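J.: This is what each chain is made of:
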Amino acid sequence: MPVITIFSGNFCHEDAIVKELVKATDYNLTSQQEIVKKASTLSKIAEAKITEAFMEKTSIFNKFTHEKERSIAYLRLAIAELIENCGDQEVIFAGFPVHLIPRDINHVLRTCLIADIKYRVKTALIEQSGQSEKNAMKFIKEHDKNSSAWVKSIFSIEDPWDISIYDMVIPVDKTTIKDTAALIVEKSKSGAVEYNERSKGAVRDFHLAAVVETALADEGHNIGVSAKNGAVKLTINNNVLMLKKLEEDIKSIAQKVHGVTSVETEIGKNFYQADIYRKYDFEIPSKLLLVDDEREFVQTLSERLLLRDMTSAVAYDGESALSIVDEDEPEVMILDLKMPGIDGIEVLRKVKATKPEIEVIILTGHGSEADRKICMELGAFAYLHKPVDIDLLSQTLKQANEKIKNNLKK
Amino acid sequence: MPKISKNSEGVSKKEEILNAAIILFAEQGFSNTSITEVAKATNASTANIFYHFKTKEELFLAALQNVKEGIISHFDEYFKDREFENGLQMMEEIIAYYLYIAGAMEQWFLLLHSHYPYRLALVNEVCREHLEKTYNSLVEIFEKAVVKGKEDGSIADVDSRKTALVIFSMIEGVVRFKIYNLYDSGVLFAELIKSCNKILKYKE
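So the protein sequences, as listed, match chains A and B. Sequential numbering from 2 applies to the first sequence in our numbering. Sequential numbering from 2 applies to the second sequence in our numbering.
Just so you know, these hints were derived from the structure itself, not from any lab. Be aware that one or more of the hints could be misleading.
Once the Cα atoms are required to be at most 27 Å apart in a straight line, the calculated BS3-like pairs of lysine-lysine come out as [what the hints assert, rightly or not]:
hint: 1; chain 1: A; residue 1: K252; chain 2: B; residue 2: K151
hint: 2; chain 1: A; residue 1: K50; chain 2: A; residue 2: K69
hint: 3; chain 1: B; residue 1: K15; chain 2: B; residue 2: K163
hint: 4; chain 1: B; residue 1: K163; chain 2: A; residue 2: K69
hint: 5; chain 1: B; residue 1: K15; chain 2: A; residue 2: K245
hint: 6; chain 1: B; residue 1: K163; chain 2: A; residue 2: K245
Residues from chain B that face chain A, not an exhaustive set, calculated with beta carbons under 7 Å [as the list claims (entries may be wrong)]:
hint: 7; residue: L132
hint: 8; residue: E133
hint: 9; residue: Y136
hint: 10; residue: N137
Which residues of chain A face chain B? A partial, calculated answer using Cβ under 8 Å [unchecked claim]:
hint: 11; residue: I237
hint: 12; residue: N240
hint: 13; residue: L242
hint: 14; residue: M243
hint: 15; residue: K245
hint: 16; residue: K246
hint: 17; residue: D250
These numbers come from a predicted model, not from an experiment. Beta carbons: idealized from backbone N, C-alpha and C, even for Gly.
Let the hints inform the model, and build the full structure from the sequences given.
T.: Dropping the structure here:
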């Protein structure tokens, strides 16, 4: 008798699948809008304002107002109340707020619906006739960016479809709507997601923590809260100098909450990173050019990099790559070797001859040892093979960026 | 700027070095100040300075500690045996005295208003503790006045901690105006006291 949560990419048949799921079971659906509405009632913040918490872009004033954190605290309270009230009833929660349910509530089956971007564009064009492909793409990318930022803020991982935060990730481009629903129903009946005393306790803890968090948020504090049988732990993540004063303040607020038996505070692991965003900006190159004639590959790569906050320009052949180099002066270039017209080695030679400060990372599918030697001699920064591990690539990009910065210092 | 005191009565060489360091760090920043300069200002040898302080960072931390202790002891001295009519009047006097100290011991506040100690505090626990202690003591002084005023009725039922922090940040803003010569802060004094009065007496 579990709770099913659904987090979905846009244009991944979420509505149809949920409909099918409701038909096949006795589950009631609580949509994102309903959760937002409840959070709005509890907090008296407008629904539209709360929905802004799901957007990647944060108001520049948020640093002073903590509006976003307050919205999220109330979303957590809303979903905690909803889960506690439904007891052992069967419910489906959908949308961004589902990620706020802690992992230790184990009668929750966490599902994710996703498809590759081409399929989603195709679906968008069918679902919204008259839409241009470019627009559909823009829409999808925006949704993915928001999803990524949301997931990152909660789990500190970049990939919103990462299997580690779900019980099942279903590729809806390879599974029919009916089969997807059937898969979810089957999994929901397995013992792993049973409602029992332990998960009931976890829900109670979640609810208490959420109440404390909103009490703190109402006073302007942005503090991580967890609870275990009435014992509350407050985690301070924002570096403040007057730490003892802050600890006193948040403890006294938490102690006043009904049901709290004890309060302790701890320093979060981000505490000493004064401004992680600023640090992040410095680590990655800001102007990145991808050059590859395999359109699909380069699109996917660009998307994956976008999820890591790296925006990139794309060129499909050597000529256009060189003209971009002339006009826009990229800092780093990721270059394929085999291309029609001017090939990669020639592009590398020309770039290094005219703009030696540009760092070039070769990324090739069929390069030989001899190619590698030539490229390195011509001054390539690194020579990587396809398929490339995205972690290795972003590592290499960071190293290239470091080199550029060091060169600038000289 | 007060002159760096020469080795006169009661001032040890170590203290003399510290006083010079405070002034130089405050005026030029950490990276632009060399041990050689500190040595020159105090007629000491660099070896002598390194005998007391193993690194430039250690000298900086000692300077910061000196500032902390100086501010705290000045306020302690000021409050000793002093009676206040009520909390509101106490607050007025605290503000006036704070601004007086900030003018008289400008180098202390110049050091506290520079960026370096706060960056160092992120990686250096000792630096962090000095700063935290300094600011805790200062805020506590303001808070004490608010609490007292709430008890004797001269101050409305406000949140003591937050109100103390808000008033403290206003005063610190005025100090900043003064040390960076943004505006003649003397002109603001009367209005500052009036504004604080409004905040403290306002009933919702």
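J.: Now tell me if each hint is right for this structure.
T.: Structure-based check of all given hints:
1. A:K252 <-> B:K151: The hint holds at about 22 Å.
2. A:K50 <-> A:K69: holds, 9 Å
3. B:K15 <-> B:K163: Cα-Cα ~40 Å, so violated.
4. B:K163 <-> A:K69: Holds, at roughly 21 Å.
5. B:K15 <-> A:K245: violated, 32 Å
6. B:K163 <-> A:K245: holds, 14 Å
7. L132: holds, 5 Å
8. E133: holds, 5 Å
9. Y136: Hint holds; Y136 of chain B Cβ to chain A Cβ min 5 Å, cut 7 Å.
10. N137: holds, 6 Å
11. I237: With a closest approach of 13 Å, the I237 of chain A hint is violated.
12. N240: Holds, because the Cβ-Cβ distance from N240 of chain A to chain B comes to roughly 7 Å (cut-off 8 Å).
13. L242: holds, 5 Å
14. M243: holds, 5 Å
15. K245: holds, 6 Å
16. K246: holds, 6 Å
17. D250: holds, 6 Å
Checked against the numbered hints above, the structure breaks hints 3, 5 and 11 and satisfies the rest.
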